[in-house]
Amino acid sequence: MAVKTKKATPKKSNTIKLKFDTSWDYSPAPESKSAATINKQYDLFINGEWQKPASKKYFDTINPAKEEKLSEVADANEADVNKAVVAARNAYEKVWKKMPAKERAKYIFRIARMVQEKARELAIIESLDGGKPIRESRDFDVPTAANHFFYYAGWADKLEYAFPNRRTEPLGVAGQIIPWNFPLLMAAWKIAPALATGNTVVLKPAETTPLTALKLAEIIQEADLPPGVVNIITGAGATGAAIVNHPDVNKIAFTGSTDVGKIIQRAIAGTSKKATLELGGKAANIIFEDAPLDQAVEGVINGIFFNQGHVCCAGSRLYVQESVAKQVIRKLKDRLESLIVGDPLDKNTDIGAINSRSQLETIHKYINIGKKEGAEMYESSCRLPGKGFFCRPTLFTNVAQSNRIAQEEIFGPVLAILTFRTDDEVIEKANNSPYGLSAGVWTDKGSKIFNMTKRMRAGVVWANTFNKFDPTSPFGGYKESGFGREGGLHGLLPYLNLVN
Amino acid sequence: MPVTKERIVLPDLPTGQAGFSLSPRIDQVGVEERASRFTKRSIKNEAKMNGLKLVLNMIDLTTLEGKDTDGKVKQLCYKAMHPHDAVAGIPTVAAICVYPSMVKVAKKALGDSGIKVASVATAFPSGQAPRDIKIRDTKYAVNEGADEVDMVISRGKFHAGEYNFVFDEIAAIKEACGEARLKVILETGELGTFDKVRRASDIAMLAGADFIKTSTGKIQPAATMPVTLVMLEAIRDFYYKTGKMIGMKPAGGISKSKLALHYLVMVKEVLGEDWLNNEWFRFGASSLANDVLMQIVKLETGLYQSANYFSVD
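Protein chains in written order, with our numbering: chain A, 1 to 500; chain B, 501 to 813.
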């Protein structure tokens, strides 16, 4: 085809629209399901073996992208929880506590390597069960989970260097309850430091996404970890409550909603149980006029649409300096159009399925609230699959600080955009939230970065980037985002007593 | 010849954005991360075939050597018109890119095929010559029949902060081009930072470039995805400000189909449909064409053929 050269006359600025629905489209590129094995039914992993639940009950776990049943898993009741805690206690007293630290490390290294070896299968199951795009489970969830095991395995026999001149003691049995947004990664965040410090574990994955934790149980079994050191049991809220209330559990580690976090804290009041709570968030992502705008826009997109916005540290409140607001919003809208929403198993999918019907309803509820509050909604024009729980990536402009969509955690692909004029104003507004998990600052000026990070009341503050995780870096919140830190050297402390 | 101020029509820019001294900052880490994200797209089956044909159709088949002869250029022109006649339905390339002395030969060889002749000019590749010589170089190429002129900017002046000099020079060459489309080569490998690439892009577009182009191919590194991304974003911002479309041409260092498809992904997701054609996007390359042909044949037949089945010129 020869080159066309029509004499192009410049268009009027207000009629300009880039067209992202192009004649050259990507063909489907689905990851094959055949590389993953999912059993028809899963029992409870207690004392190194698969045990039938005392409740005799099972519940379904579904693929949120197809609304089809994937498997059924045991519903652990109080008796099952007790069995798991007893197994963990025995393993702690008789084996794990006494084992030389370097031997403990060997087991954790082995788990890390096996997670790597089974990376492809784990990624596929994570996407099937949770709805997240395969690109993310393949490139982020699974490798980061393996890295956490590697990192904490290294600490196991070096605790005396982590806390110089102090002797450390494990706590005993750790009860761990994890959410549905990063099922395998959260299991790794919880299990790795607990084992490295010499504790034993009873872990409960979320009821909508239990499969990768159960795959991890298979890995742990294959790794020949002594029976009872890690017990993985499935169930809903009642099972979690039974773990929290069990008298022989020494430590509760919980990641999830602030409401449940408050219930847990009430339940353990007056006991000697230690706790770390990693709860909700409503992170402020702040763009100054001197920021690298295109990179900031990309950071905002990753900050809110990563994992469909099911991220506790998601940058869900965007503050843009007024002088660049128009430009930034225009760039965000263009970027929204090039995001691909669809089948989580397709390698080109950017935004997969919402984790459950009830979460989709929550998101829709907030979108309606936002419209009623008078904010202006803009959503991507993408087509959604006919079946499954999907939501278009959505922006709200003209949002006021007092709007509920700017104050409450939506936990979905919905961004609230606010504007500001001065540094002091934006710091006040950013800190004006019951949460304080994370924040982002975009500016080309180094001094401004330090000024901002010092004054932000948030556990993690990213500068000119967002949603970056590394096992060496601590993570945790201020205010109603919880307390205690996970990751890094700081992540060892919640699983230890320092004596002397 | 100095360019008078009246001749330069500065576009209507929002307050605070007037002039190129306020080009937006570029964050290197962010650009590299975004560029690598495009390489994660999986291009299969029909998308791959269509993409490969599009890539071939966007190539400026290039020979820029001191040892170029009429014979070599004629052969290259035949290759441009008939990339691989053994397979039906293969498009031609977009243009032939040669030195000014070869323009006439190329023009004659290409006849009415519709394939353009692009000529480098302005003391290519260094640009180290007085302006009047650059203008004569340009006029010579155009008089010989060049449809497009690929000029180089004065990188030394640019590094010295003499942006007005660079601007005026581009404007003067644009005027010398007449009807020919002007591609402005920034030689990004010599600019050093993305901030400078962005500023040079803005200067070129404001001064009248029809295309901005990364490299001469004589300096390493030549085109890279991050550098091209910075320039595509400059084009997008300019389009929104002025309503004027500017073309993009990465050149040098793109010799494999897979990489070329990643560039196509980048164009699709940054600028969209309007730029996905050879009027607004080109690859400056010499060996890319044969790799694309090899992949097309592989998709058609399921078998890779050896390089011996594809003509070198």
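One or more of the hints may lead you astray.
With the C-beta cut set under 10 Å, the calculated list includes, among others, these residues of chain B facing chain A [claimed, not checked]: (1) Arg525; (2) Ser626; (3) Asp668; (4) Ile719; (5) Asp737; (6) Val770.
25 Å max Cα-Cα, derived SDA-like pairs, lysine to any residue [unchecked claim]: (7) A:Lys333 to B:Met745; (8) A:Lys4 to B:Ala535; (9) B:Lys540 to A:Lys4; (10) B:Lys579 to A:Ser338.
Just so you know, the hints here were simulated from the structure itself, not pulled from any lab data.
All C-beta atoms in this analysis are idealised placements derived from N, C-alpha and C, irrespective of residue type, glycine included.
The hints, checked one at a time:
1. Interface hint status for B:Arg525: upheld, as the beta-carbon distance to the closest one in chain A is roughly 4 Å, under 10 Å.
2. With its C-beta approaching chain A no nearer than about 28 Å, B:Ser626 sits outside the 10 Å limit, and its interface hint is violated.
3. The criterion of a C-beta within 10 Å of any C-beta in chain A is not met by B:Asp668, whose closest approach is roughly 22 Å, and the hint is violated.
4. For B:Ile719, the suggested interface contact is broken, since its CB lies about 25 Å from the closest CB of chain A, more than 10 Å.
5. Among the interface hints, the one on B:Asp737 holds; its C-beta lies about 8 Å from the nearest C-beta in chain A, closer than the 10 Å criterion.
6. At about 8 Å, the closest approach between the beta carbon of B:Val770 and any beta carbon in chain A falls short of 10 Å, and the interface hint on this residue holds.
7. Taking the CA atoms of A:Lys333 and B:Met745, the gap is near 20 Å; set against the 25 Å cutoff, the hint holds.
8. Distance hint between A:Lys4 and B:Ala535 is unfulfilled; the C-alpha atoms sit about 29 Å from each other, more than 25 Å.
9. Using a Cα cut-off of 25 Å, the hinted pair B:Lys540 and A:Lys4 is violated, with the two alpha carbons roughly 31 Å apart.
10. Distance hint between B:Lys579 and A:Ser338 is unfulfilled; the C-alpha atoms sit about 36 Å from each other, more than 25 Å.
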